[in-house]
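Kindly generate the complete structure, drawing on both the sequences and the hints.
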Amino acid sequence: MSRNSPNPRAALGITVLVLLGLSLAPAVLTRWMSVGHSPVVAVFAPLSNLLDRMASGLRPPRPIAGDDDATREQLEASIRDLEARLLTLRAENRDLAALVEQLGRLRVATGVETKTIPATRIASLVDSGAIELRPGARAGVTVNAIAIAPGGLQIVGIVTDASPMTSMLHLLTDKRFEPGLVVGVVAGPDLMIESTVQLDRLPRIQLEPTGRGTLVADAVNISIADALSEGDTVRVLDETWPRSSQLLVLGRVTRIEATDEPLFKRVVVTPEVDPKRVRSVLLRMPEASNAEGAG
Amino acid sequence: MNWLVFAVLTWFAMGLDLGLRNVLSLGDSAIAPRFTVVLLVFICIHAPPGAMMLAAILVGLLLDAVSTVPEAHTANPVMIIGPFSLGCMLAAYAILTVRSVMQRKSPFTLAVLVLVGSLLVEVVRLTLLTVRSFYDDLALEGAAASLGTGFGVAVYSAVLAVLLAPLLGAVRRPMRFQGQSSIGFVMHS
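Taken in order, these protein sequences are the chains called X and H.
At the far end of the first sequence sits residue 295, using the numbering used here, and the numbering has no gaps.
At the far end of the second sequence sits residue 189, using the numbering used here, and the numbering has no gaps.
Calculated from the structure, these hints are not laboratory results.
Given the structure is predicted, the values throughout are model-derived calculations rather than measurements.
Each hint should be verified, as a subset may be incorrect.
The calculated label-pair distances, taken between Cβ atoms and stated as ranges, are [claimed, not checked]:
{"hint": "1", "chain 1": "H", "residue 1": "VAL171", "chain 2": "X", "residue 2": "ASP69", "range": "20 to 28 angstroms"}
{"hint": "2", "chain 1": "X", "residue 1": "ILE79", "chain 2": "H", "residue 2": "MET102", "range": "55 to 63 angstroms"}
{"hint": "3", "chain 1": "X", "residue 1": "ASN7", "chain 2": "H", "residue 2": "VAL171", "range": "28 to 36 angstroms"}
{"hint": "4", "chain 1": "H", "residue 1": "VAL159", "chain 2": "X", "residue 2": "GLY36", "range": "45 to 53 angstroms"}
{"hint": "5", "chain 1": "H", "residue 1": "ALA170", "chain 2": "X", "residue 2": "GLN74", "range": "52 to 60 angstroms"}
{"hint": "6", "chain 1": "H", "residue 1": "SER133", "chain 2": "X", "residue 2": "ASN7", "range": "29 to 37 angstroms"}
{"hint": "7", "chain 1": "H", "residue 1": "ASN22", "chain 2": "X", "residue 2": "ALA97", "range": "25 to 33 angstroms"}
{"hint": "8", "chain 1": "X", "residue 1": "GLY36", "chain 2": "H", "residue 2": "PHE108", "range": "31 to 39 angstroms"}
{"hint": "9", "chain 1": "X", "residue 1": "ASP69", "chain 2": "H", "residue 2": "ALA170", "range": "50 to 58 angstroms"}
{"hint": "10", "chain 1": "X", "residue 1": "ALA70", "chain 2": "H", "residue 2": "VAL5", "range": "53 to 61 angstroms"}
{"hint": "11", "chain 1": "H", "residue 1": "PRO70", "chain 2": "X", "residue 2": "ALA91", "range": "31 to 39 angstroms"}
{"hint": "12", "chain 1": "X", "residue 1": "VAL41", "chain 2": "H", "residue 2": "MET102", "range": "28 to 36 angstroms"}
Glycine is no exception: its CB is placed at the ideal position from the N, C-alpha and C atoms.
What follows is the structure in structure tokens.
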């Protein structure tokens with residue numbers, strides 16, 4: 001061995017230390033080395049690919065266990081089911097995002113800070129045009145809280161009584177609904193409302209429940225009625241109603257009918273959900289610091 | 001040792017490893033023989049110490065380079081240099097210490113040493129990867145399952161070694177194991 005040749009033991013020791021360091025170094029430090037994987041594999045590819053092709057003929061890919069027609073159909077059905085659920089979840093996600101955006105805009109437009117409590121129907125009181133909800137006052141529910149349908153801004157009714165455990169919700173479409181009359185503004189088909197909309201310029205109609213699941217404005221001036229279209233949304237803008245209800249949705253214009261009076265038309269508004277059939281609602285009420293302008 | 005023949009044989013062995021892994025694997029398991037380890041053990045039995053250690057490092061580096069470990073969350077493959085290399089070096093050193101008392105030309109010697117060498121390679125590799133997985137995001141099987149697979153690979157490789165022994169015996173002469181190492185790397189023992 002020549003005098004200038006490296007000390008083999010030292011070289012071996014250094015090699016072991018370097019390899020040990022590389023073995024135990026975190027991936028963030030050694031990730032760059034992965035670029036060498038493909039070129040090294042490519043060196044052996046001519047032989048390995050040839051052998052792999054030949055071998056695949058000797059041992060064809062084995063189907064997964066139980067891969068008969070029934071299992072395949074079952075798996076395909078599962079895939080379709082998962083795809084359907086994915087689409088549903090995406091739609092729900094889109095709706096929720098829209099709702100959050102609407103609620104945010106509503107807060108800006110009305111300047112009212114509200115809190116929301118989810119409530120579940122526990123009984124239908126058909127005779128009194130109301131439904132019984134849980135929870136009640138103990139959970140923070142107050143009289144005049146506005147119930148809206150989940151996933152939207154549609155008003156379902158107003159809480160008229162709040163006992164410790166339950167609360168009574170009077171339905172919007174019931175004829176005995178108090179306050180029976182409500183002034184709404186017709187804000188076009190878009191459910192979104194911009195904070196820059198000048199509310200006092202929107203056409204106003206006075207609605208009352210018909211008892212048949214709709215609200216009606218019997219005598220709408222023809223100049224206002226002609227500005228309306230079927231499908232327009234009608235929102236609360238009534239100082240006699242609780243502040244937390246302002247700009248919430250009463251429904252959509254479904255019919256504009258002529259009346260005996262040529263200067264007036266009849267406008268029928270239908271809620272987007274049937275208040276009698278909702279199983280759960282969101283109760284909106286002002287934050288404790290806000291004074292409620294209940295009607 | 002003739003390094004050109006070594007290079008050709010290593011290329012051939014690695015090609016067999018990569019190309020025949022699917023067809024030779026036992027069922028759906030990852031148990032498949034390692035031709036490269038059989039070749040390395042064959043070299044370790046016959047080559048001078050320095051050459052065998054260098055061969056172990058080269059074969060180990062190649063095994064590290066073609067093997068990747070997936071990250072647990074992203075499943076991105078990570079190439080880790082070292083585990084196979086260190087395992088091969090330890091296996092080479094172990095064979096160096098016992099080969100003088102073994103019948104080098106016997107196929108069963110090759111098989112036994114392949115079994116021992118493969119086990120050492122697998123144990124070193126699994127130990128290093130397990131240690132690394134404590135702080136790195138690596139997707140590893142459980143230790144028992146990995147050791148079971150490693151043992152299966154070792155046994156399978158040993159069986160293969162018995163079959164390959166005549167072929168490897170034929171390349172002993174072109175390998176010129178007793179000749180001067182062409183790169184002058186000599187290990188003091």
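So, going through the hints one by one against the coordinates:
A beta carbon spacing of about 52 angstroms between VAL171(H) and ASP69(X) contradicts the range 20 to 28 angstroms that was offered as a hint. With their beta carbons about 58 angstroms apart, ILE79(X) and MET102(H) fall inside the hinted range of 55 to 63 angstroms. Against the hinted window of 28 to 36 angstroms, the Cβ-Cβ separation of ASN7(X) and VAL171(H) comes to about 32 angstroms, which satisfies the hint. Look at VAL159(H) against GLY36(X): about 32 angstroms separates their beta carbons, and that is not inside 45 to 53 angstroms.
Separation of ALA170(H) from GLN74(X) is about 54 angstroms and conforms to the stated range, judged on CB atoms against 52 to 60 angstroms. Checked against the given bound of 29 to 37 angstroms, the beta carbons of SER133(H) and ASN7(X), roughly 35 angstroms apart, stay inside it. Look at ASN22(H) against ALA97(X): about 47 angstroms separates their beta carbons, and that is not inside 25 to 33 angstroms. Separated by about 38 angstroms at the C-beta atoms, GLY36(X) and PHE108(H) satisfy the suggested range of 31 to 39 angstroms.
In this structure, ASP69(X) and ALA170(H) meet the distance hint of 50 to 58 angstroms, their C-beta atoms being roughly 52 angstroms apart. Range check, ALA70(X) to VAL5(H): Cβ separation about 56 angstroms, and the 53 to 61 angstroms hint holds. Under the hint 31 to 39 angstroms, the C-beta atoms of PRO70(H) and ALA91(X), about 34 angstroms apart, fit the expected range. In this structure, VAL41(X) and MET102(H) meet the distance hint of 28 to 36 angstroms, their C-beta atoms being roughly 35 angstroms apart.
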